[in-house]
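K.L.:
As they're listed, the protein sequences go chains D and C. For the first sequence, numbering that gives the first Met the number 0 assigns the number 0 to the initial residue and increments by one for each residue that follows. For the second sequence, numbering that gives the first Met the number 0 assigns the number 0 to the initial residue and increments by one for each residue that follows.
Honestly, the hints are just simulated from the structure, not real lab data. If you're wondering where the values come from, they're calculated on a predicted model, not measured in any experiment. Built from N, CA and C at the ideal position, the CB exists for glycine as well. A portion of the hints provided could be inaccurate.
Residues of chain D placed beyond 12 Å of chain C at every Cβ, according to the derived structure [as the list claims (entries may be wrong)]:
1. P32
2. V40
3. L58
4. Q71
Computed Cβ-Cβ distance ranges for the label pairs, DEER-style [to be verified]:
5. Y65/C with I1/D: 43 to 53 Å
6. Q54/C with G42/D: 55 to 65 Å
7. P94/D with Q120/C: 50 to 60 Å
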Amino acid sequence: MIPAVILVISSVVFLQFFVFYCRSIIAATSNQPLPQDVQDVTGIVDSPSPEDFPRVVQLLNLCPDRPEERGQLRAVSSYYKLLGLVRSTMALAIPSLKSWADHERSQCTYFAAVALGRRIAFSRDLLAQQMLP
Amino acid sequence: MPGPLQYAIWLLCTLLEAGVLVCAYRRQALQRYFILNLYMASEVLASVVRFEILQHYGLLSPSYAYFYYYSDALLTILLFFALSSLYSQVFGEMHAERYVQFGALFLLSGTAIFSFAVVQQSSGKLISHFVVELSQNLYFVGLVLTYILWGAILKLRETRARLIQIVLSLGIYFSLLAANYALRNLYPSLGYVFQSLNPLIGCFLPFAWAYAFLRTPEEARLAPSRLAVSPR
Chain D
0 MIPAVILVIS SVVFLQFFVF YCRSIIAATS NQPLPQDVQD VTGIVDSPSP
50 EDFPRVVQLL NLCPDRPEER GQLRAVSSYY KLLGLVRSTM ALAIPSLKSW
100 ADHERSQCTY FAAVALGRRI AFSRDLLAQQ MLP
Chain C
0 MPGPLQYAIW LLCTLLEAGV LVCAYRRQAL QRYFILNLYM ASEVLASVVR
50 FEILQHYGLL SPSYAYFYYY SDALLTILLF FALSSLYSQV FGEMHAERYV
100 QFGALFLLSG TAIFSFAVVQ QSSGKLISHF VVELSQNLYF VGLVLTYILW
150 GAILKLRETR ARLIQIVLSL GIYFSLLAAN YALRNLYPSL GYVFQSLNPL
200 IGCFLPFAWA YAFLRTPEEA RLAPSRLAVS PR
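Bound conformation, chain C alone (with noise of 0.2 Å):
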């Protein structure tokens, strides 16, 4: 069973789950960010039901293992989804909301094809392992269309202070995340060890979205030149 630490974390990230959806109806941010605060949403149901499975069956059984993989998996493509919804409102004056859902489309399955593929190749466990896979790629194309999204940000001229933070606080769960899966491969001895940040990683996005919802207001503008790094 987890330990006094790892079940305060647990709570402490389902708590800032929760507030981010606290935040966003206060600012009444619901409806414009609608799938972020699915995905924040569907993060704390999980974490509910994880937890009554953990209880239930305990840390170590396949019950728990199955439910955690596959929500997992499931939310890291609800959050992929958030993040194609961020680009529908940066390119939303071009009208180019449907090139960017079936570029997502495209891209998602794209990435469980070629997880499927590595996974066809050197595991008896198809199904499981593939979920796994499936979700480490995912956070990787995730911090490349992230890039590229602030990309555009930059070149667009975009302003939205608030919309600026989520994207960056994104950017950074998601580099995090994918630093933390290339480290566990890297070094699989150490693997329960980068496994224990995961936790306290996840814990950034819904701290770092509640402060954008709580303090900075819709209508806030920031010029984005004013952040690219540029010595005098």
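With the rest of the complex left out, here is chain D (with noise of 0.2 Å):
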């Protein structure tokens, strides 16, 4: 019995703990502008959709990887997911999780954004540094 409470309370907190974390990784990055080059290549000027996420994604990979924004990415992804769930299932009872979902989304775009205008900046360094005689 006290395991099985313990599995429920630790599993609650733990969704709690995790969604603030992903908004406290979230939260950092939404106050910086995106670069024009991003804007460019996203077609994300001031507020992204919510469904651009796997795009952005997919344009993050074709940059070369930056180790220690792979967790974060990585944690960011899943809250995207947990969000498409939120969205599909308890947001159909409350209606206004869907919304709620939505904005989270999107500023999970906004985040891979940012996370693509660093991985752009970083390939321009590695590539000038091989340019150097």
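Mind docking these for me? Both chains are given alone in their own frames, and the hints should help you get the complex.
P.N.:
Put into structure tokens, the structure is as follows:
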């Protein structure tokens, strides 16, 4: 009985901490402006569409990987999937959840776009280093 | 003996723990988060000694089992004090450090007495089972304490982004470990599966702390109210 109670409590608490943690990662980038080249490549100017996330991640995967960002991107990708699940299940019963999930998903897309900007800059630096005599 | 994958996860975890110390040193956060860094240094040391014992005596030897579980219990107690140091930081302006230290010692003693009482009723190998039981119970107490600390952060409008990330990652770590131990107790026949998840879960905490030290400056601020979930 006690292990079952611990399992339920820890699962609920885990979900809460996971959502807060992902939101703290996303919030750290929400004030950063999108570089012009990212806007050109992704077509995102002001507010990204919630559905753009997979496309931006595909673009991210085309750039050389930055190991320090890998874990955060994975966490945000999981959060995006979780939001998709909420949108297609719980939001059917509670309609206000749908607009909230869409807003969160567009924040995930913005996070990925900022990461794309960093990767493009990183690739440029790599190229510049290789061009040096 | 562990397989190549287990060795790889072990090595990764140890490197990440050492990485936390390097990141903290580079960002001049060694002193501010002293007990957290002491915990990570102890984890690295314990990993090295465990590896030495494993090589000399083997995985199934009593020496390895004793060292593994005793060091795990000591490290959990140290993590418990690391958590209380985070409480001290959050309640620092209220000069409540002494109360926090007293509360941490009280809870630690209470958990130890509870674990001893549980083990005394059901086990012949009192001390070794006590150590395992204590670790498991401390994970759950740690989870509850982290949740209370998070509540205090929201209530007191704590804005230090690095501190917030450290606390949230600790919450994820404790909840994963507590859930994993609960699953092991619920399904003892699948114990080896859940046990093999422990090192993977163990990689998360050093990774998240290293990220917090490296990428989140001490002066970065974040309104915790923005993190609270509120459907529009």
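K.L.:
List in ascending order the numbers of the hints, as given earlier, that are violated by the structure.
P.N.:
Structure breaks hints 4 and 5.
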